[in-house]
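Asks: Can you make the complete structure from the sequences, with help from the hints?
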Amino acid sequence: MAGWTRLQGQAVALPVENIDTDQLIPARFMATPRSQGYGRSLLHDMRFDADGTPIAAMPLNRHADVAILVTRRNFGGGSSREAAVYALADFGIRAVVAPSFGDIFAANAVNNGLLPARVHEREAEALIAQLGEAAQPATIDLATCEIAVGPARIAFTLDPVWRTKLINGWDDIDLTASHGDAIASFRAARRRQAGWTWPGAWPGDGFETGASKRRR
Amino acid sequence: MTAAPRTLFDKLWQAHEIVRGDDGASLLWVDRHLVHEGSHHAFAKLAARGLSVAQPQLTFAVADHYAPTRGDGAPADPAIAGMIAKLAENARAHGITCFGLGDPRQGIVHVIGPQHGLTLPGLLINCGDSHTSTHGAFGALAFGIGATEVAHVLATQTVWQRCPRTMRITVSGRLGPAVGAKDLALAWIARLGADGARGHAIEYAGPVIENLCMAGRMTLCNLSIEGGARLGMIAPDETTFAFLKGRPYAPAGAAWDAAIEAWAGLRTDPDAAFDREVTLDASEIAPIVTWGTSPEDALPIDGCVPDPAAAPDETSEQIAAALDYMGLRPGQPIAGTPVDQVFIGSCTNARLEDLRAAAAVLKGRKARVPGTVSPGSTLVKQQAEEEGLDAVFVEAGLDWVASGCSMCVGMNGDIVAPGKRCASSTNRNFRGRQGRGARTHLMSPAMVAAAAVTGTLSDVRPLLKGRV
Chain A
1 MAGWTRLQGQ AVALPVENID TDQLIPARFM ATPRSQGYGR SLLHDMRFDA DGTPIAAMPL
61 NRHADVAILV TRRNFGGGSS REAAVYALAD FGIRAVVAPS FGDIFAANAV NNGLLPARVH
121 EREAEALIAQ LGEAAQPATI DLATCEIAVG PARIAFTLDP VWRTKLINGW DDIDLTASHG
181 DAIASFRAAR RRQAGWTWPG AWPGDGFETG ASKRRR
Chain B
1001 MTAAPRTLFD KLWQAHEIVR GDDGASLLWV DRHLVHEGSH HAFAKLAARG LSVAQPQLTF
1061 AVADHYAPTR GDGAPADPAI AGMIAKLAEN ARAHGITCFG LGDPRQGIVH VIGPQHGLTL
1121 PGLLINCGDS HTSTHGAFGA LAFGIGATEV AHVLATQTVW QRCPRTMRIT VSGRLGPAVG
1181 AKDLALAWIA RLGADGARGH AIEYAGPVIE NLCMAGRMTL CNLSIEGGAR LGMIAPDETT
1241 FAFLKGRPYA PAGAAWDAAI EAWAGLRTDP DAAFDREVTL DASEIAPIVT WGTSPEDALP
1301 IDGCVPDPAA APDETSEQIA AALDYMGLRP GQPIAGTPVD QVFIGSCTNA RLEDLRAAAA
1361 VLKGRKARVP GTVSPGSTLV KQQAEEEGLD AVFVEAGLDW VASGCSMCVG MNGDIVAPGK
1421 RCASSTNRNF RGRQGRGART HLMSPAMVAA AAVTGTLSDV RPLLKGRV
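As given, the protein sequences belong to chains A and B, one line each in that order. Here the first sequence is numbered in my numbering, starting from 1 and rising by one per residue. Here the second sequence is numbered in my numbering, starting from 1001 and rising by one per residue.
Quick caveat, the hints were computed from the structure, so don't treat them as lab data. Note that the Cβ used here is the ideal one computed from N, Cα and C, for glycine as well. Accuracy of the hints is not assured; some may be wrong.
[Claimed, not checked] Now the stretches of chain A that chain B is said to cover, found in silico as 3 or more residues with beta-carbon under 8 Å:
(1) 29-42
(2) 106-113
(3) 156-162
(4) 192-200
Replies: Now the structure itself:
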């Protein structure tokens, strides 16, 4: 994953609250490998009618090359499906600006270089009003944690750990490898002091459960 | 000098912290990692880097999200069959125990974890599924993670996390008849909002919680995520220990004694402080149903849906959109709304106790609408059949099917048709969750049974008079 500090792109408003991950990518599109691309599935049922015709009023159908989405509270709540982030990323979205995000979604976003920028509800509403139905060029700066759209400058909140991660594009598995010794000693101590945390073996072969034994 | 008082959450967090980075993120040890068909992205990430699973003996796989519930068990759709086959293949390649299709240990991951004794107090449990919060009912630190994190846990048996804030929900008073954990959960979510507990680890406490059975505790912790919480938990007690003793993977003999000793300390110290305290009076809670497209859109069965015209400007548009999607009139009473079908199932409410509660309403009655009952696991199915619950459902006219996530998430093809209204014991009434255009009303299994019997959203209490 490539890191980034400054992002310039088209911003559009999607003034809807509670856009959950089931809406971001409906479950029926999730049985395919990432290599096939998830962009077409993004907000599928909001973007296409039942026979697959694009819905003209939908902002993401009206504008090309959208990189920044401004929306309402609780964006990405619900399921932990990282495919919701893949759909946004594959569509070209690099940042979502909203008053609140689902916790798991936000973590998934950062793991894929997508910024979940939290702003005050008042400021999200002002941005939504300013954008209206248009797309406007915007700049996001991770160094200053600021979004600029036209004359507006809005500060956003971002966990410092996530900020560093977005800027560096670090992969956690590599980072964790540097703690290999600490992990090994933790595991050894846990095995010694709390051996009960390791699962017992399934009794016998096949299906011979405690519950089924009790039933007899 | 005495140690500072700590919450249950603090104790669990500290017990799993391997290192804390300068930036405040903690690297935590994962005691149990549960994977399912949706974990294919994570296995693909491992394969791409040529990594193997660090601790296969702490990792368990189960087919649930795509598991077929009808027919001879073989999914007709090649994409669905492929998802299930891929899981078995990945499990085999990495030496992970897999409860696949046809295995009597198969079931919904959050039902079988506790049932098989894989879920224990004091463990850190991860799964690539948001309802992993369910396992917190046992006093475990259990939370859902995304695919990148699943790959990380597979590769290292650890997970990086920022410590969430703590919140205690204390429930006092007494639950009324036919009011249970589902109603409690929807009540607090309606009050605080679907993001009301965002960034928090919840501990549920108080006399009402202590009196809940494990199934009820699991329902409550399961729904923590619907209020935006990172996780939910309940301090383990005798009810917890009695549930676990003798479970196949639970500790036995000397290991059980050691575990009991460790578990005794898993409670919040008397003076420990939470970042946030919320109290609920159970006596004020009636059976609850949802009317809209978020779990926060919930109200008592004797209530009326909101009227956008009477709502403040900032919410009226949202309410109008939800009513439009749900096909409801502003201000109408929710009771009496005709339903097209019912569904009893999911990791929220498909345990034996849930099936018993629904059967108590349905016994000797006919359902006026079609419906499906999918038990939480293959073992729950067997147990229910031994009690004759299957006959109650079948005689009422409902379909008794195999176990899986089924119509809660619609991945296996069990869906609600566009525009159809479903009374559902599940966890999400999101737009399109049960199928495109599906209208979902969440409620307890007993309330779903009441909807089946009357054909409308109905108060279950009169139907239980003289029965319980």
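Asks: Three residues minimum, CB to CB under 8 Å: does the stretch 29-42 of chain A make the cut for coverage by chain B? Let me know.
Replies: This one holds; 5 residues, not fewer than the three required, reach chain B with a Cβ under 8 Å.
Asks: Given as covered by chain B, does the stretch 106-113 of chain A meet the bar of three residues or more with CB within less than 8 Å?
Replies: holds (count 4)
Asks: Please count how many residues of the stretch 156-162 of chain A have a CB within 8 Å of a CB from chain B and say whether that reaches 3.
Replies: holds (count 3)
Asks: Taking 8 Å as the C-beta cutoff, is the stated coverage of the stretch 192-200 of chain A by chain B satisfied by three or more residues?
Replies: The restraint on the stretch 192-200 of chain A holds, since 7 of its residues have a Cβ under 8 Å from chain B and three suffice.
Every hint from the earlier list agrees with this structure, and none is contradicted.
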